[in-house]
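A.B. asks: Start from the sequences and build out the full structure, keeping to the hints where you can.
Keeping their order, the protein sequence lines are chains A and B. Using the numbering used here, the letters of the first sequence correspond one by one to residues 1 to 209. Using the numbering used here, the letters of the second sequence correspond one by one to residues 210 to 769.
Worth double-checking, as some hints may not be accurate.
Claimed, not checked - Restraint-style ranges between C-beta atoms, simulated for each label pair:
hint: 1; chain 1: A; residue 1: Thr61; chain 2: B; residue 2: Val283; range: 41 to 47 Å
hint: 2; chain 1: B; residue 1: Ser757; chain 2: A; residue 2: Leu42; range: 37 to 43 Å
hint: 3; chain 1: B; residue 1: Val683; chain 2: A; residue 2: Leu158; range: 57 to 63 Å
hint: 4; chain 1: A; residue 1: Leu173; chain 2: B; residue 2: Phe255; range: 40 to 46 Å
hint: 5; chain 1: A; residue 1: His192; chain 2: B; residue 2: Glu711; range: 55 to 61 Å
hint: 6; chain 1: B; residue 1: Ser757; chain 2: A; residue 2: Val84; range: 57 to 63 Å
hint: 7; chain 1: A; residue 1: Pro64; chain 2: B; residue 2: Ala556; range: 54 to 60 Å
hint: 8; chain 1: B; residue 1: Pro668; chain 2: A; residue 2: Ser120; range: 54 to 60 Å
What the hints assert, rightly or not - Derived list of chain B stretches under chain A, where covered just means 3 residues or more per stretch with a C-beta under 8 Å from a C-beta of chain A:
hint: 9; stretch: 432–439
hint: 10; stretch: 450–464
In case anyone wonders, no lab produced these hints; they're calculated from the structure. It should be emphasised that the depicted structure is a prediction, and the values quoted were computed from it without experimental measurement. Glycine included, C-beta positions come from ideal geometry on N, C-alpha and C.
Residue-level listing of the chains:
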Amino acid sequence: MNPAEVDQSLNTLGAPSQPPAREATHGHDDAGNRMFGFIVFLLSESVIFFSFFVGYIVYKTSAPEWLPAGVTGLEIREPAINTVVLVSSSFVIYVAERFLHDKNIWGFRGFWLLTALMGSYFLYGQAVEWRGLSFGLTDGVFGGTFYLLTGFHGLHVLTGVLLQLIMLGRSFLPGNYDKGEFGVAATSLFWHFVDVIWIILFVLIYVWQ
Amino acid sequence: MTNLSVEAIAQIEQPLPGAPDNWKRFFSFSTDHKVIGIQYLVTAFFFFLIGGLLAMVMRGELITPESDLVDRAVYNAMFTMHGTIMLFLWTFPALLGLSNYLVPLMIGAKDMAFPKLNAVAFWMVPVFGFILMASFFVPGGPSQSGWWAYPPVSLQNPTGNLITGQTLWLVAVAISGVASIMGAVNFVTTIARMRAPGMYWFRMPVFVWTVLAAQIIQLVGLPALTAGAIMLLLDITAGTSFFDPAKGGDPVLFQHFFWFYSHPAVYVIILPIFGVFSEIFPVYARKPLFGYKVVAISSLVITGLSAVVWVHHMFASGTPGWMRMLFMATTMLISVPTGIKVFAWVATIWGGKLRLNTPMLFALGGLTMFVFAGVTGIMLAAVPFDIHVNNTYFVVGHFHYVIYGATVMGMYAAIYHWFPKMTGRMYSEGLGKLHFALTFIGTNLNFFPMHPLGLMGMPRRVASYDPEFAFWNVIASLGGFLLGMSTLPFLLNIIGSWVQGEQAPKNPWRAIGLEWLISSPPSAENFEELPIVIAEPYGYGKSEPLVSNPDALEVAHESR
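C.D. replies: Laid out in structure tokens, this is it:
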């Protein structure tokens, strides 16, 4: 994307369907288009998770053998801590965005890095949990759906952390974020998305046992 | 812009659409939506010929009751590849090409919202086309489980290799899905946010409405298939048991994932064709489209209903009774918005000054066959009838009337109608009419016999059959070969006319629409000045202008 073209993208979010009454000669609202397109993409992406969730519910309610032999259930304490970390990181990233909005670039960097660290902690916690489990990917539909859901979500968290690091790096380009930044807004939105998906996933897998 | 001197014109180095090295841009990573549109169309037509060749070999096998032309396993691979190629490498890309070319012109935009994404999405088509073709050369040959890849058939891996026809098939379909999502995001954003001043929602041509409706289906439905495909791929490669009944999995769940997308996919295909019909009938009947707003909205109604009909493919899959009744009702309900469109087209043609040139003939032929397919569709929606003819040739006949009768005829109608705009040349009317006659006769000869065959009980996807089915199969095979031949006058016409056809004026059909206000072919940036739309579309028989600045649209140095 070309930073020179980037406008305050969040300002255009409110009215995505307004009739395009723009100047007749050339040009259009590039940042607004990108944000609109990104939201459309996220809506579409959410259907994949939705499909996995429906599949999980069907298996859980109809499978002849749900838990593999020797497995009694899932430990909920560590994942609950993980959940708290991930959910609070959504507020931290919001604070970072406000700092950017108020042109406090170091405040933005601090809270942005904190978000990335909390996301990394979540991934670490997920890895620790996976290592301690007594069943694997091929242990029936329970093992399959568990690793599929947590793994697919984990890939999204990893993507989010990588995007955050890229945006952090870009903040050191002089004058880059003077007029707001589509990448920051999109990463933040993506992070909230990953967060909401995790809440549903946590309820389905850990709470509903 | 008309005050540019001749010298100034000569100095401007623009990729002139008529320049001698013009063809090179079709082999480049161009971000011009018009170039990408033609790239899609040509690539898709190439695969259409391959898929058609496979179909002709299959019809050659079926001309005699015995399995004597190809091995049965080869036959299985052929119908699988035929279906996959025709859907993922012909109809989808061809319609994307048409939509790519027309949507920005029709809404008065200079390009799509994301031109680079558009180009990336296109170049994925040759990539996954190559991967799919490569499956002919791996041990065990291509996938043999049909284009729907039902487990447990698709889970079988007798060769034990990791790279089998089935995994390549899944990878190709996955890449196709990624490309389609990119395209859908692009189209929805373009239509929602790139319209010219004054191009309000209810001033958009119906084609744009139908593209919007079709691309929304891609966004909602395709991820469900992606989810199912990921699980199937894990079953095949990583040893999970999602769909393997022997290990506690549920193969019917895959059918749900598959049809939740793949039935609406038929609407992704047919909706833009509805748009083509809605564009073509008013032009050649010289009348405004009957009930424009209702036709436009009915596209979105089809989108909504398409999400709740998929189980009609699974009436014979142990589906509970309440589900059968529910989905029978929703399936029949979808004929209401579709029927509204058909009535609107008939009312548009009714009493019009008809001009029966090639695009109009193809559109009329396509509409006729669509009505026939609609009638058999309603029959199939009824559970008792569907149970009776499930997996017989009746179903094959029905969807080929939709996919070939309506869709391919509609594609041809669109290609002829916009050929002067795309190439700046006129096609040969005589060859076009010959092409129409061969296609119309061939389609009916090929696909009508499948209905009596299905009612008699001939199952689909078989290489040999009882001799009592021979009569209709011979006719169908002759029709199939005729359809193969019918592409020859088309190719001759398109290539010949592109090279040395008569120069096309801006608006050879006296059609009303933004794309007909600019030169043929349009300049790289489409419009010098964005059009300011002041009227509703299809103002035939009225003398109101469509835009307030018709003389400012043309890019001056490129006018002919």
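A.B. asks: Just to make sure I understand the rule, a stretch counts as covered if three or more of its residues have a C-beta closer than 8 Å to a C-beta of the chain. Does the stretch 450–464 of chain B meet that for chain A?
C.D. replies: holds (count 7)
A.B. asks: Three residues or more, CB to CB closer than 8 Å: is that satisfied between the stretch 432–439 of chain B and chain A?
C.D. replies: Result for this restraint: holds, n = 6.
A.B. asks: Take a look at whether the Cβ-Cβ distance between B/Ser757 and A/Leu42 falls inside 37 to 43 Å.
C.D. replies: holds (38 Å)
A.B. asks: Taking 54 to 60 Å as the stated bounds, is the beta-carbon spacing between A/Pro64 and B/Ala556 within them?
C.D. replies: Distance hint for A/Pro64, B/Ala556 holds at roughly 56 Å.
A.B. asks: When you take the CB atoms of B/Pro668 and A/Ser120, is the distance between them in 54 to 60 Å?
C.D. replies: holds (56 Å)
A.B. asks: So does B/Val683 sit 57 to 63 Å from A/Leu158, Cβ to Cβ?
C.D. replies: holds (59 Å)
A.B. asks: Taking the beta carbons of A/His192 and B/Glu711, is their distance inside 55 to 61 Å?
C.D. replies: Holds, at about 58 Å.
A.B. asks: Kindly confirm whether 40 to 46 Å is satisfied by the beta carbon distance between A/Leu173 and B/Phe255.
C.D. replies: holds (44 Å)
A.B. asks: Within 57 to 63 Å: is that where the Cβ-Cβ distance between B/Ser757 and A/Val84 falls?
C.D. replies: holds (59 Å)
A.B. asks: Taking the beta carbons of A/Thr61 and B/Val283, is their distance inside 41 to 47 Å?
C.D. replies: Holds: the Cβ-Cβ distance is about 42 Å, inside 41 to 47 Å.
Checked against the numbered hints given earlier, the structure satisfies every one of them.
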